[in-house]
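Chains A and B supply the protein sequences, listed in that same order. So for the first sequence, numbering that gives the first Met the number 0 puts the first residue at 0; every next one is plus one. So for the second sequence, numbering that gives the first Met the number 0 puts the first residue at 0; every next one is plus one.
Take these hints with a grain of salt, some might be off.
[Stated by the list, open to error] Here are the simulated distance ranges between beta carbons:
#1 B:I313 x A:K239: 47 to 57 Å
#2 B:K15 x A:F147: 34 to 44 Å
#3 B:K81 x A:T8: 55 to 65 Å
[What the hints assert, rightly or not] In silico DSS-like links for lysine-lysine, alpha-carbon gap of 27 Å or less:
#4 A:K41 x B:K91
#5 B:K18 x A:K239
#6 B:K18 x A:K243
#7 A:K239 x B:K67
#8 A:K41 x B:K67
#9 B:K18 x B:K39
#10 B:K39 x A:K239
Simulated from the structure, these hints should not be mistaken for lab results. Where a beta carbon is used, it is the ideal one built from N, C-alpha and C, also for glycine.
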Amino acid sequence: MIKFLVQRTLGMIVTMFFVSIMVFIIMELPPGDYAERWAFRKFSGTGAQITQADLDNIRANFGLDRPAPERYFKWISNIVLHGDFGEAFAFQTSVNNVIGQKIWLTLAILFSTLIVTYIISIPVGMYAAVRRNSLEDYALTVFSYLGFALPNFLLALILLYISITYFDTSVGGLFSPDYADAPWSMDKALDLLSHLVVPAIILAWSATAFQLQTVRATMLDELNTLSVTAARARGVPEWKLLLKYPARLAINPVVSTIGFDANRIFSELPIVALVLGLPELGQLLLKSYLDLDMFVAGAILLILTFMIVFMNFLSDIFLAILDPRVKLIEG
Amino acid sequence: MENIKEKTDDNLLEVKNLKISFKTDEGIITAVDGVNFTVKHGETLGIVGESGSGKSVSTWSIMRLLPKNSIIDKKSSIRFRKKDGKVVDITKLKARSKELRKIRGGEVALIFQEPMSSFSPVYTIGNQISEAVLQHRDVSKEEAQEIAIDMLDRVGIANPRQRFKQYPFELSGGMRQRAMIAVALSMNPALLIADEPTTSLDVTIQAQILELMNELQEELGMAIIFITHNLGVIAQVADKIEVMYLGKILERGTTKDIIQNPQHPYTQALLKAIPRLDHIGERLNAISGDIPSPLSRPTGCPFYTRCEKVIPGICDVKMPNPTKLSDTHTVYCFLYEEKNV
């Protein structure tokens with residue numbers, strides 16, 4: 000197990016190294032840099048003439064005149080060694096300040112969505128498999144297709160409408176106005192949790208529909224295996240049998256796709272966040288790209304990819320714990 | 000064991016008029032049609048037949064292990080004498096009853112053709128044997144482990160303590176089948192159903208497993224129903240044999256009756272299809288044609304479509320009645336029925 004852990008950790012580090020290079024290349028890709036953008040902002044309409052020398056000066060001020068490899072190593076070593084993601088030019092402060100709280104909120108949304116997804120899809124999928132072809136099973140299938148077919152933002156609008164019209168509560172944002180600027184306290188955390196429920200349900204909807212079908216299909220396969228019949232032939236009671244044999248294996252495909260789910264949630268989050276007015280990273284990423292504020296964009300890309308890679312790492316570990324065959328193959 | 004021995008006159012298992020069908024998308028398929036057989040304490044019954052003859056279905060029904068779309072006919076009965084002397088009709092038990100669970104494993108145990116897939120890959124061998132022991136004996140976890148290790152040792156597995164902690168994929172095929180036998184016997188059943196236990200093993204391992212089963216039967220005194228398509232194997236282990244074809248029994252007798260004096264054209268053809276060391280160089284006689292689909296069962300004798308001695312106008316009209324050739328030997332064939340009439 001230790002060997003397996005070390006292998007996987009090394010794999011994760013290597014992956015992150017290549018990811019960081021790719022992120023840096025993406026940061027370099029848009030034409031122009033922040034120096035030009037800054038000059039444009041500052042001097043457009045003033046009639047001032049900007050020479051190449053002025054631009055070079057500005058560039059040197061921002062440290063953008065150094066060759067790309069040097070900038071990459073400076074950037075990445077600051078991140079790894081000091082947790083410093085560089086300077087957010089457009090905000091005139093550090094990237095850490097700009098994205099700090101938003102990261103925690105994005106992660107809160109991610110984890111609450113994952114938890115809602117698994118809490119619903121795993122037991123319900125198993126139930127549907129055991130009661131195959133029953134009324135409940137068909138109803139759940141319809142629910143799943145709805146989950147696949149309904150766009151998230153539409154669902155967000157519907158829930159927004161319902162909660163404002165019928166419950167007189169605002170779902171917009173992650174905090175009630177009273178707590179928005181208050182320091183962290185138990186009440187504020189509870190307030191956050193209550194605001195997380197709606198976004199988590201919206202984002203979990205399609206993932207749940209998908210995982211529910213996966214669990215159902217795997218469970219159906221496992222229910223018909225000889226090992227289940229063999230356990231039944233040993234006189235094991237039915238419910239114990241279901242939990243010990245097929246249920247345990249039906250979790251495997253879910254566990255092995257935690258990274259995919261994280262990816263999907265990150266991709267769907269910006270649109271939902273826009274509708275619900277949530278402070279998260281997606282919109283900031285878009286804005287920083289428009290401003291050519293590359294350290295902000297880079298930090299967000301790097302953090303989101305790291306989260307996905309880390310989730311994949313977690314799913315490998317969970318899988319190895321759940322299924323002894325995994326360790327055998329990986330040596 | 001002693002008090003059971005005293006009652007050996009009584010049958011341990013009496014299967015009567017067993018008829019099993021399956022509801023499928025193509026309609027109702029009858030897999031077993033009017034089968035009767037009995038097993039006495041400590042004896043070995045062999046059931047021989049091709050794939051699809053219904054031999055597994057009829058024995059799995061003894062433990063009610065058939066899938067949900069199966070229907071056991073109301074007139075069928077499977078009467079089993081439990082260790083406490085009471086006789087129950089297994090077909091009448093409720094699917095989730097405690098009584099049925101006690102019979103599964105505790106009275107009747109089953110070993111399968113595929114030792115790999117009959118173990119769950121995510122639990123150790125020891126876990127799965129202990130589970131069986133704990134289900135049927137009033138012992139602690141530690142005692143169950145000791146019983147399991149002792150059983151592994153008894154079925155000839157070296158280093159049983161180490162094997163106990165291993166996963167099924169860490170054992171060889173022959174080893175896994177030994178472990179499967181250990182699971183079955185750890186529950187101390189009165190009847191062991193062996194469903195083609197040696198089919199997936201190579202010949203030397205096959206011989207070892209057969210020998211092991213013979214030894215254990217002598218030691219523990221349980222009865223065995225041995226299912227196979229291999230007449231060579233059955234001749235080594237069985238006291239008596241039922242020959243099945245397409246859900247019906249065509250011939251029954253002692254092993255000697257069936258192997259040395261086969262009467263039904265199907266049994267004769269099966270025996271001719273076995274390669275023999277004293278007939279090297281001769282071609283084997285294959286039975287022509289395929290076993291008919293259970294969806295289009297022939298009326299009359301199920302074998303008439305492939306039978307060399309078919310009597311047109313008789314065999315394809317109705318199923319022959321049993322003809323007793325001796326006290327032990329019965330055949331279902333018009334060739335003999337006519338002689339008696």
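Pair hint outcome, K41 of chain A versus K67 of chain B [Cα-Cα no greater than 27 Å] = violated (77 Å)
- K18 of chain B and K243 of chain A: Cα distance at most 27 Å? Outside the cut-off at roughly 33 Å; violated.
Pair hint K41 of chain A and K91 of chain B, alpha-carbon separation not exceeding 27 Å: violated (91 Å)
**Asked** Is K239 of chain A within 27 Å of K67 of chain B, Cα to Cα?
**Response** With Cα atoms ~19 Å apart, K239 of chain A and K67 of chain B stay inside 27 Å; holds.
- Query: Is 55 to 65 Å a correct range for the gap between the Cβ atoms of K81 of chain B and T8 of chain A?
  - Reply: holds (57 Å)
Check the hint pairing K18 of chain B with K39 of chain B against an upper bound of 27 Å on the C-alpha distance. holds (22 Å)
Range agreement (Cβ of F147 of chain A with Cβ of K15 of chain B, hint 34 to 44 Å)
Violated - the Cβ-Cβ distance for K15 of chain B and F147 of chain A, about 53 Å, lies outside 34 to 44 Å.
Within 27 Å, alpha carbon to alpha carbon, are K18 of chain B and K239 of chain A? Given that 27 Å is the threshold and the Cα spacing comes to 31 Å, the pair is violated.
* Asked: Do the alpha carbons of K39 of chain B and K239 of chain A lie within 27 Å of each other, as the hint requires?
  -> violated (34 Å)
Please check whether I313 of chain B and K239 of chain A have a Cβ separation lying inside 47 to 57 Å. holds (54 Å)
The structure fails hints 2, 4, 5, 6, 8, 10 (numbered hints given earlier, in ascending order).
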